[in-house]
Amino acid sequence: MSHGQDNPLAHPEVQMANNRSYVTGFIVASLLMAAATVLVSGHLLPPFALLLAITGCAGLAIIAQVYFLLHMDLSEHSIWNTVALIMFIPLFVITIGLTWWMFSQLYLRTMPMIPGMPGMH
Amino acid sequence: MNSAAEKVDPEKVVLWAGGHEGHDVISTRTFGFWLYILSDGMLFATLFAAYGVLSYTHSYYTGPTPAQFVAPWYTFIQTMALFLSVLAYGFSMTALKHGNRAGVINGLLAASVLGVVFLGLDIHDVLRLFGVHITPRTSGGLSAFYVLTQVHAAHIFFGLIWMLVMIYQVMRKEFTEEVIGRLISLRMFWQFQAVMWVFIYVFVYLWGYMS
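Going down the list, the protein sequences come from chains G and P. Residue 91 in the numbering used here sits at position 91 of the first sequence, and the numbers go up by one each step. For the numbering used here, count along the second sequence from 1 and bump the result up by 1000.
Bear in mind the hints are in silico, worked out from the structure with no lab data behind them. Treat the hints loosely; a few may be bogus.
[As the list claims (entries may be wrong)] These stretches of chain P come out as covered by chain G in the derived footprint (C-beta under 8 Å, 3 or more residues):
(1) 1050-1059
(2) 1076-1090
(3) 1114-1120
(4) 1135-1142
(5) 1194-1205
Glycine included, every Cβ here is placed at the ideal spot set by N, Cα and C.
Pulled out of the complex, with its shape left as it was, chain G reads as follows (with noise of 0.2 Å):
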């Protein structure tokens, strides 16, 4: 990660900047959330599918995002904020999942029908 030019403007992390590639990482990630909006305000779909469909289309936004805004890629100046980001990805999904699964369970064996209420889901 060394690269020892005198100029900071010629460091790669100044120069890896590129309007093409933030406008490209825009315009995926606004067409991405405006189906997502019109899919759910309209209720186009059953409501698994537009669970779904609504979580792929966070999916690929963020993908775009991390690809065309934060410059994630393989490159060798970027490799480790990439690795950094990788190794992040899993901690972030096991804190949210286990603990929903954990109170999830909990509710399903301890939580007592409250008069009034629909019920539990």
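Let chain G serve as the given structure and place chain P on it in line with the hints.
Structure of chain P alone, referenced to chain G:
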């Protein structure tokens, strides 16, 4: 070799090969700050987990749910304000690449104005909900909803303050390693807020609206 330990002078010892290739300040800072940003992502993970376990029907205790108060197109405009702000910041970084000081300042100004628009829309939305007595005290589900969305808004707020500081520094200082390092750190911070917003918009606002 065997007398090396005796000769160490704490005043003069060098901890790494100082003159070897030069210490790459920008790369080191950028990687360090990226690790900080990922830790910030873990903060969001805990809040997503809290929202996940507090968004069951019983979590709202017969009170209002996001399905009743979320306005998808309103929040979509917020999304666009944030994405455009990130885009403007990107243009500022391309101007930096060419050493164009005015371009950097214009990009940062545009990014701040759009960030203020995002924050203004968020505050307006919160006040609208407070006006109809939908507050964090209403139910556990709403507490989790407010904490998650407003922690993100707080990130935007502090990012905006940082952006004002950077506009001042770009106007008053040269493009030194330090100033450039801060601009790059803020770029990653700002773009990461847009990534987290995609999760919040889709899984809190949109999913909440359709549930």
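For each hint, the structure was consulted:
Requiring three or more residues with a Cβ within less than 8 Å of a Cβ of chain G, the coverage given for the stretch 1050-1059 of chain P holds, as 6 such residues are present. Only residues whose beta carbon comes within less than 8 Å of a beta carbon in chain G count, and the stretch 1076-1090 of chain P has 8; three or more means the coverage holds. Check on the stretch 1114-1120 of chain P: 0 of its residues sit with their Cβ under 8 Å from a Cβ of chain G, so the three-residue criterion for coverage is violated. With a threshold of 8 Å between beta carbons, the proposed coverage of the stretch 1135-1142 of chain P by chain G is violated, since 0 of its residues qualify and at least three are required.
Look at the stretch 1194-1205 of chain P against chain G: 7 of its residues bring a Cβ nearer than 8 Å to a Cβ of that chain, three or more, so the hint holds.
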